[in-house]
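Peer 1: Work out the full structure, taking the sequences as your base and the hints as a guide.
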Amino acid sequence: MKQDSFGHPVEKYNLLAEHLLAKVLELGQKIAEKKGKKTKIMEVCGTHTVAFSRSGIAQLLSDVLDLRSGPGCPVCVTHQQDLDYMISLSRIKDVIIVTFGDLLRVPGSFTSLEKEKAKGANVHICYSPLEAIDLAAKNTQKEIVLLGIGFETTAPTIAAALSQALEKGLQNFSIYSTLKLVPPALEALLQEKKFDLDGLVLPGHVSTVLGSDAFDFIAQEYALPCVVTGFEPLDLLIGLYYLLTSLIEEKAELTNTYTHIVKEKGNQAAKEIINLYFEEGDTLWRGFASIPGSGLKLRTKYNDFEARYRFKKVEIPETGVFSGCSCGDIITGKLTPFDCVHFNNGCTPLTPVGPCMVSSEGACSAYYQYRQQI
Amino acid sequence: MNEQEKDVILLSHGDGGLLTHQLIQGTFFPGFKNEWLEEEGDSAVLNFCHERLAFSTDSFVVSPLFFPGGDIGKLAICGTVNDLVVSGARPLWLSAAFIIPEGMAIERLSDVVRSMSEIAGDLKLPIVTGDTKVVSSNDPENLFINTTGIGVIYPETNFNVKNVEPSDIVIITGSIGDHGAAILAARLGLELEESPQSDCAPLDFISTLLRPYFPYIKVMRDPTRGGLATTLKELAISGDVDFWLEENSINVKPKVKAVSDILGIDPYYLASEGRALLVVKNGKEEEIIKELKKHPLGKDASIIGYARAGKGNLFLRTKLGGTRPLQMLAGTPLPRIC
Ligand code: SF4
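In order, the protein sequences belong to chains A and B.
For my numbering, count along the first sequence from 1 and bump the result up by 803.
For my numbering, count along the second sequence from 1 and bump the result up by 12.
In case anyone wonders, no lab produced these hints; they're calculated from the structure.
Among the hints, erroneous ones may be present.
Distance condition first, Cα-Cα at most 25 angstroms in a straight line; then the derived SDA-like pairs of lysine to any residue [claimed, not checked]: (1) A:Lys920 - A:Ala1072; (2) A:Lys896 - B:Ser149; (3) B:Lys174 - B:Glu51; (4) A:Lys841 - B:Gly333; (5) A:Lys941 - B:Arg120.
Peer 2: If you want it as structure tokens, here you go:
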């Protein structure tokens, strides 16, 4: 049995992964020889960005693959204007903000939720949006605002919270919805045609909700191979193997290697609950202009539960401009964190200049944590 | 960001990571600077009447107060005892001070005290002095406990990070991140098939088993707040060496991995409360591990890495043979969206 340098046995799983890694490397070299350049692949989802770096796969394949991040980290794609609005809400007396932890440290134009919390704002970090419902029921004198950020994966849980609020007749609950849809963003990105992508690793979690069919247009209309895959090292390598094989065979096809989890049509129940409470609308993304039909807005009949309507008179600071933060270009794959002058030079997880350095899913944070050599 | 905004204390200042480090270096050290504090050990080493005493203090806040595998009381005793043990000392006396929130059920407080007395009894350690304060609070669970311990350092002890040499071996006494994962899972109410259990336990068995090997132990730490990565990174910086860890050799229990996967938090940053990290002389590692394995709490002791000449880096060789650096924890780990 193979052992590591301390005599501990190496699991079969890793032996298999090593073999596959060698195979992927070989395919990558073949393409590089033929085309005279590295294969440029976008991993759309932040969890994939982290998984590629954390497992060391990105580093081991860096001679043949040029991995780029995509618009798939919920915190990173949130527009500055929305951040400022959400932070301003936390300053209103008697408001309890309920948010996922990632958002806490993201700098708005002038401050962050973490700093407002230290100064007395009531910010509750939740794991499940349903915690907002408990809080609303227990604190009837307070206004509970759930920050709805995320993609198709988060939307059903936010919708479930609203459904419970309605059922329980909770009037002191509202949502600031800046939920987003991934396919329209990818479409906008591919239409820009500003850089030469060779293929995409599609977001695994989002695909479980939408189904792999939702991404067919990438192969069909943009002639790019793409793959749906999971997050373990072997999943990543299998995904890359398929992607590179498609490239060698010059086939623009979508391969789903995550079939036990991702179905072609996705998860109907999740789609239905989203549909019940939300409708598509234009929304702002960091790194893009407003993308038509890429956001989930509460349906008009639920406007009373939209924090933007409930708290109209919020003082929101004029959105500040970050000098030189390249998050927008990083989450659209144009640059990598190493291209940013601030990276580890003023911008670190402790002193983040942009959201990509804060979120655990953010590309800059992942590169800082797992890839930079000091 | 204006200057004033920078000036408030954030929760992250208390997480044992970079901000805590900065607070200590920037605010406390300039005020209290002295030769003992500057050693930056888990305990202060005090020379007194031909004896070397170890003196250590720690405050405990944890939510929830009772969690799978332990409670704040057990944690408060083990935490201070372990700080003394990893300093190479035999704990002799403890103090306990309580800051109790108004509204806390006395029954609940008694449960905490019972747990403390049980574990202190097992260790034959008297709690010789204490203090009680009550503060108004919205949260009846917001209990704070401080414990302080005095121990006598064994004559054989010569632990100092400056003794670490480039060929030394890194050993850990068991799996990592159990406590951190147990607390996060309990706090967030994660619905898991099996919840992780805290590893909270006293490490006194180490001195019993390893005393003859103390001359070969360069330094010992317990990887609590900030986890394995932060603790070793600190050692790398103060010892001016690099450490290399082998991911394949590090034991992360499946339950702990499940929690860290769900929350997107690296297990290398999750606290252990019943593990010790030892840097030992190359060549002595097998014997030391053999000794540790004699105790149930050391049965999973294993080599996880080695020291190399360098300048304060910590590297991890991943299971696939890639290399990645590990940093100090930057900010309390926060559950992510998804
Ligand atoms: S390194 Fe910092 S400043 Fe540069 S893109 Fe990333 S978050 Fe923005």
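Peer 1: The structure should be examined with respect to each hint, and the outcome stated for every one.
Peer 2: A quick look at each hint next to the structure:
{"no.": "1", "hint": "A:Lys920 - A:Ala1072", "result": "36 angstroms, violated"}
{"no.": "2", "hint": "A:Lys896 - B:Ser149", "result": "19 angstroms, holds"}
{"no.": "3", "hint": "B:Lys174 - B:Glu51", "result": "11 angstroms, holds"}
{"no.": "4", "hint": "A:Lys841 - B:Gly333", "result": "21 angstroms, holds"}
{"no.": "5", "hint": "A:Lys941 - B:Arg120", "result": "23 angstroms, holds"}
In terms of the numbered hints stated before, the structure departs from hint 1 and from no other.
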